[in-house]
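Participant: This is what each chain is made of:
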Amino acid sequence: MNSRKVKELVGFTVLRLATFLILFALFIILYFISIRGIRVIDCQFLTQMPSEGMTSGGILPAILGTFYLTLCAICFALPLGVAAAIYLVEYARQGRLVRIIRIGINNLAGVPSIVFGLFGLAVFVKYFGFGVSILSGGLTLGILILPIIIRASEEALLAVPQSFREASLALGTTKWQTIYRIVLPSAISGILTGSILGVGRAAGETAPILFTAVTFYSIRLPTSIFSEVQALPYHIYALMTEGTHPECQVPIAYGTALVLLFLVLSVDLVAIIIRNRARKRKW
Amino acid sequence: MKRAQKENLIKGFFCLFALLSIFFLLGIVIVLFKEGLPIFKVTTFKEFLFGRFWYPTYEPPDFGILPLLLGSLWVTFGALIVAVPLGVAGAFYISEVASPKKKEFIKPVIELLAGIPSVVYGFFGMVVVAPLVAKIFRLPVGLNAFTASLILGIMAIPTITSISEDAISAVPKRFKEASYALGANKWETITKVTLPAAAGGISTAIILGMARVIGETMTVLMVAGGAPIIPHSFFEPLRTMTATIAAEMGETVVGSLHFHALFAIAIVLFVITLSFNILADLLTQRFRKRLG
Numbered sequence: 064m065n066s067r068k069v070k071e072l073v074g075f076t077v078l079r080l081a082t083f084l085i086l087f088a089l090f091i092i093l094y095f096i097s098i099r100g101i102r103v104i105d106c107q108f109l110t111q112m113p114s115e116g117m118t119s120g121g122i123l124p125a126i127l128g129t130f131y132l133t134l135c136a137i138c139f140a141l142p143l144g145v146a147a148a149i150y151l152v153e154y155a156r157q158g159r160l161v162r163i164i165r166i167g168i169n170n171l172a173g174v175p176s177i178v179f180g181l182f183g184l185a186v187f188v189k190y191f192g193f194g195v196s197i198l199s200g201g202l203t204l205g206i207l208i209l210p211i212i213i214r215a216s217e218e219a220l221l222a223v224p225q226s227f228r229e230a231s232l233a234l235g236t237t238k239w240q241t242i243y244r245i246v247l248p249s250a251i252s253g254i255l256t257g258s259i260l261g262v263g264r265a266a267g268e269t270a271p272i273l274f275t276a277v278t279f280y281s282i283r284l285p286t287s288i289f290s291e292v293q294a295l296p297y298h299i300y301a302l303m304t305e306g307t308h309p310e311c312q313v314p315i316a317y318g319t320a321l322v323l324l325f326l327v328l329s330v331d332l333v334a335i336i337i338r339n340r341a342r343k344r345k346w
Numbered sequence: 063m064k065r066a067q068k069e070n071l072i073k074g075f076f077c078l079f080a081l082l083s084i085f086f087l088l089g090i091v092i093v094l095f096k097e098g099l100p101i102f103k104v105t106t107f108k109e110f111l112f113g114r115f116w117y118p119t120y121e122p123p124d125f126g127i128l129p130l131l132l133g134s135l136w137v138t139f140g141a142l143i144v145a146v147p148l149g150v151a152g153a154f155y156i157s158e159v160a161s162p163k164k165k166e167f168i169k170p171v172i173e174l175l176a177g178i179p180s181v182v183y184g185f186f187g188m189v190v191v192a193p194l195v196a197k198i199f200r201l202p203v204g205l206n207a208f209t210a211s212l213i214l215g216i217m218a219i220p221t222i223t224s225i226s227e228d229a230i231s232a233v234p235k236r237f238k239e240a241s242y243a244l245g246a247n248k249w250e251t252i253t254k255v256t257l258p259a260a261a262g263g264i265s266t267a268i269i270l271g272m273a274r275v276i277g278e279t280m281t282v283l284m285v286a287g288g289a290p291i292i293p294h295s296f297f298e299p300l301r302t303m304t305a306t307i308a309a310e311m312g313e314t315v316v317g318s319l320h321f322h323a324l325f326a327i328a329i330v331l332f333v334i335t336l337s338f339n340i341l342a343d344l345l346t347q348r349f350r351k352r353l354g
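Protein chains in written order, with the working numbering: chain A, 64 to 346; chain R, 63 to 354.
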C-alpha cells in the first residue's frame with residue numbers, strides 16, 4: 064500500500080472513531096439512567112404523591128406539572144407560530160421586512176434559557192401579576208419554543224406544492240380561501256409533527272421555569288392555572304441540590320430522570336421519524 | 063373592492079403575528095435594561111465588568127462579575143476543545159464517508175442527543191462523570207471546570223455536527239469532481255477541497271455551538287462546582303454567569319441591588335449570545351454567496 068492510501072485509511076478511521084464516540088456518549092447516558100432508574104420505577108412511583116419531605120413516595124405532581132406547563136406553552140405558541148409562518152410563506156415578499164423578521168426569529172432562538180426565565184419573572188410573574196404559576200411558566204416556555212414552531216410550520220407550508228395553490232386560485236378563490244381550505248389542511252400534519260419537537264423542548268427545560276412556575280415540595284396537586292407546580296426537570300435538580308438525605312433522594316432522581324428522558328426522547332423520536340418520512344413524500 | 067380590502071386586512075393580521083418574534087426579542091431587551099441598569103447607580107460599568115469580587119450579599123456588597131465572566135469563557139473554551147474535533151469529524155463522516163443507510167441511522171441519533179434536557183446532562187455529570195473524574199485525577203470532588211467542559215462539549219456536538227454537515231453538503235459537486243479528475247483520492251479531496259470550501263459554514267457551526275454552551279445553565283449549575291472565584295486551572299470549581307443568575311435569583315428580594323445586578327449579568331450574557339448569533343448569520347450569508 065502506498066502512503067497516500069495509508070493516509071486515507073487513517074483519516075477515515077479517525078472520522079469513524081469520532082462518530083462512534085458521539086454515539087457512545089448517547090448510549091452511556093441512556094444506559095446509566097435506564098439501568099439505575101428502572102429500579103425505582105413502578106406503578107406507585109408514577110401515581111403517588113411524594114412523602115416524608117421528598118425522601119420517598121412518587122412523582123405524580125411533577126409528571127402532572129410538566130404536562131400542564133407543556134400544554135400551556137403549546138396552546139400559546141402553536142397559533143402564534145403557525146400564523147407567523149403563514150405570513151412568511153404565503154404572503155411576504157422577500158425584502159427588508161422579511162429579513163428583519165428572520166433575524167428576530169433566529170436571535171430569539173439563540174437567547175439563553177435563563178434569560179427567558181428572567182423575562183418571565185419580570186413580565187408574567189411581577190408585571191402582569193400572574194405570580195409563580197402554571198400560566199407564567201407556560202407562557203415563558205411558549206415564547207421559548209416559538210421559533211421551533213415557526214420553523215416547523217414554515218417547512219410544512221413550503222412542502223405543499225405550488226400547483227395546489229394555483230389550482231385553487233384558478234377556480235376564482237381568494238388568497239385567504241386558498242390558504243384556509245387548501246394549504247392549511249395539506250400542511251396540518253407536518254405542522255403538528257414539527258410542533259411535537261417544541262413539546263419535547265418545553266417539557267425538558269428547567270431554567271425558564273425556575274422563577275416562574277415551580278416549587279420543590281407540594282403536598283397538593285395544582286388546582287388552577289394560577290397554582291405553583293412541581294415539574295420533572297426541576298424535581299431532578301432539587302433532589303440533587305436540596306434536602307438532607309442524598310441516599311434516599313438520588314435513587315428518586317434517577318427514576319425521575321428516566322421518566323423525563325423517556326417522555327422527551329420518545330416524543331422527539333416520533334417527530335423525527337414522521338418528519339423524515341414526510342420529507343420524502345411525493346404529493 | 064371589498065374583497066380586496068378584506069384580503070389586505072387578513073394579510074396585515076398575519077404580518078402582526080410574524081412580527082411577534084421581534085416584539086418578544088425587544089421585550090426581553092427592554093426588561094433586561096429596565097431591571098439591570100439601576101445597578102449602575104452604585105457601581106460603574108467598568109467596576110461591574112472587571113471587578114474581581116462577586117460578594118452580592120456582603121455589607122458593603124461587591125458586584126464584580128469578572129470571575130463569572132471568565133468562568134463562562136473558560137468552560138466554553140473547554141467545551142469547544144471537546145466538541146469541535148468530534149463534531150466536525152462526525153459531520154465529515156456522515157456526509158462523506160457513511161453509506162446512506164448508516165447516515166439514515168446516525169443523523170436522527172445525533173438529533174436525539176440534542177433532545178436530552180440539560181438537567182439530565184447535569185444529573186448524569188453529577189452522579190456518573192464527576193465521581194469518575196475525581197477518581198482518575200485523585201481529586202476530593204469531581205465537580206469542576208473539567209467535568210463541566212466535558213459535558214458541555216457533548217451537548218454542543220449536535221449543533222456543530224448538524225450545521226457543519228449542512229455546510230459540507232452545500233459544497234458543489236463539481237468541486238469534488240474536479241479534484242477526483244486530477245487524481246486525488248477521497249481523503250485528499252476532503253482535506254484539500256471540501257474542508258476549505260466548507261470552512262465558512264463550519265465556523266458558523268462552531269460559533270452557534272459556542273452560543274449554545276455559554277447560555278447553558280443547568281449543567282454548569284450542577285456540575286461546575288459553583289465557586290465565584292477567578293479560575294486558574296481546569297480542576298478547580300468555578301461559577302458561570304448563567305449559574306449565578308439561576309442560583310441566586312430565588313434568594314433575592316425583588317428590586318434590591320442584588321436583583322438588579324443579576325439582571326445586569328443577563329444583559330452581558332444576552333449581548334454575548336446576540337453577537338455570536340448575528341456573527342453566525344453574517345458568516346452564513348457570505349458562505350452562501352461564495353458558493354453561489
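In short, the hints are calculated from the structure, not lab data. Note that the Cβ used here is the ideal one computed from N, Cα and C, for glycine as well. Treat the hints loosely; a few may be bogus.
Claimed, not checked - Which chain A residues face chain R? A few, computed with CB under 8 Å, are given here: (1) F95; (2) I101; (3) R162; (4) L171; (5) I177; (6) P210; (7) S231; (8) L232; (9) L234; (10) G235; (11) T237; (12) P296; (13) F325.
Participant: Now tell me, hint by hint, if it's right for this structure.
Facilitator: Here is how each hint holds up against the structure:
| no. | hint | in the structure |
| --- | --- | --- |
| 1 | F95 | holds (5 Å) |
| 2 | I101 | violated (15 Å) |
| 3 | R162 | violated (10 Å) |
| 4 | L171 | holds (5 Å) |
| 5 | I177 | holds (4 Å) |
| 6 | P210 | holds (7 Å) |
| 7 | S231 | violated (14 Å) |
| 8 | L232 | violated (12 Å) |
| 9 | L234 | violated (15 Å) |
| 10 | G235 | violated (11 Å) |
| 11 | T237 | holds (6 Å) |
| 12 | P296 | holds (4 Å) |
| 13 | F325 | violated (11 Å) |
Going down the numbered hints, you'll see the structure goes against 2, 3, 7, 8, 9, 10, 13, while the others check out.
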